[in-house]
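Residues in the sequence shown are numbered from 1 upward in steps of one, following this note's numbering.
It is worth saying that the hints were derived from the structure and are not from the lab.
All clues stand as given, with none of them false.
With a straight-line Cα cutoff of 27 Å, these simulated DSS-like cross-link-like pairs (lysine-lysine) come out: (1) K113 to K77; (2) K265 to K336; (3) K333 to K265; (4) K142 to K305.
Pair ranges (Cβ atoms, derived): (5) V17 to L285: 20 to 30 Å; (6) G191 to I25: 19 to 29 Å; (7) V17 to P186: 37 to 47 Å; (8) T125 to R276: 17 to 27 Å.
In this text, a Cβ means the ideal position worked out from N, Cα and C, and glycines have one as well.
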Amino acid sequence: MISKDSLTTEWLNSVSVKNNRADKILIEKVIRALLLLEGLVKSDVQFVFKGGTALMLLMNSTKRLSIDIDVIISNPKQNLEEKFQGFLSEQGFTRFEEQHRQTSGDIEKAHYKFFYTPVHMSNMTEDYVLLDILFEEPHYTKIINFPIDSSFIKQDGDPINVSIPCHEDILGDKLTAFAPNTTGIPYEKGGDSRTMEIMKQLFDIGSLLEPVTDVNIIGQTFDIFAKTEIGYRNCETDENGVLDDIYDTALHICSRGEKGRGNFKALLSGINQVKRFIFSENYHLDRAITDAAKAAYLSTVLRYKVMKLEKYQGLESIKELVIDQSFDSKLNKLKKGNPEAFFYWYHISLIRQQKQ
1 MISKDSLTTE
11 WLNSVSVKNN
21 RADKILIEKV
31 IRALLLLEGL
41 VKSDVQFVFK
51 GGTALMLLMN
61 STKRLSIDID
71 VIISNPKQNL
81 EEKFQGFLSE
91 QGFTRFEEQH
101 RQTSGDIEKA
111 HYKFFYTPVH
121 MSNMTEDYVL
131 LDILFEEPHY
141 TKIINFPIDS
151 SFIKQDGDPI
161 NVSIPCHEDI
171 LGDKLTAFAP
181 NTTGIPYEKG
191 GDSRTMEIMK
201 QLFDIGSLLE
211 PVTDVNIIGQ
221 TFDIFAKTEI
231 GYRNCETDEN
241 GVLDDIYDTA
251 LHICSRGEKG
261 RGNFKALLSG
271 INQVKRFIFS
281 ENYHLDRAIT
291 DAAKAAYLST
301 VLRYKVMKLE
311 KYQGLESIKE
321 LVIDQSFDSK
331 LNKLKKGNPE
341 AFFYWYHISL
351 IRQQKQ
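Generate coordinates for the entire structure from the input sequences, incorporating the hints supplied.
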């Protein structure tokens, strides 16, 4: 279980120092989110944990901080609010309230704010973390039990386990979210820019390519989530249309707005905004281009039913490679400035030339 010592000024300071002087307000939010997650498990709510915070646990990484809890619940008749009330105080929260939002189509969701009194001194006397619930059957291929543990928290005894999709499942899900013109997070919603959220998905996709091995699971999960989102949104497209959207958006980033399809200025703004949540490195356009090349590669692998993933192994692996002029020789410019991105575009060119 998560130790109460995780919520002390001394602990927040030490975590901040170990993570490039990370924002202590954000660190506390991560800890509070994990306490909320633990509370859900302890109160016997039946759910599957998904999203950015789930990925943070699964990757055992603090590369990108995520501060919301996203869950899928197949049985909504669980006396949820009664269970919330039961763990509220024990998990360090003062109250909760439902946040009513308009939802489109047949999507059944619920959103709750869980409030707490911050340990880290700021100008706020109260803050909150979000619980987002999607009511439907979980469409994942392989759900595993995984410990709620992180370098951001202290444990008192063994950590509690939570049901979470495997790496490949999360990647298939994330790919559908990085398709802003079809099934993904749109460029704006209600007049507010959503490009930072788009870039969070891209960063996660780039991080997930390394550990995944099973293309079948990625493809199965992608197809199910794409079909579900197309149905919810009444999109006039299919799974291949979503893959094309991913590819075009990724190409737009990699070509710095010259090719593909998208709003480069808005995407660049999203890259600049997402920096606050990424502590492992200085995230900038060239780094986003690497992730975009990976997204374009994955969309191509799924589009053309390729069963083996190629992965960048360093400069030696690109020494003799040249992208053919019949594909797009301009992408050869990446070889010097961004060799990893070049590697994935080279393999994209091979796949598309062989399959067309």
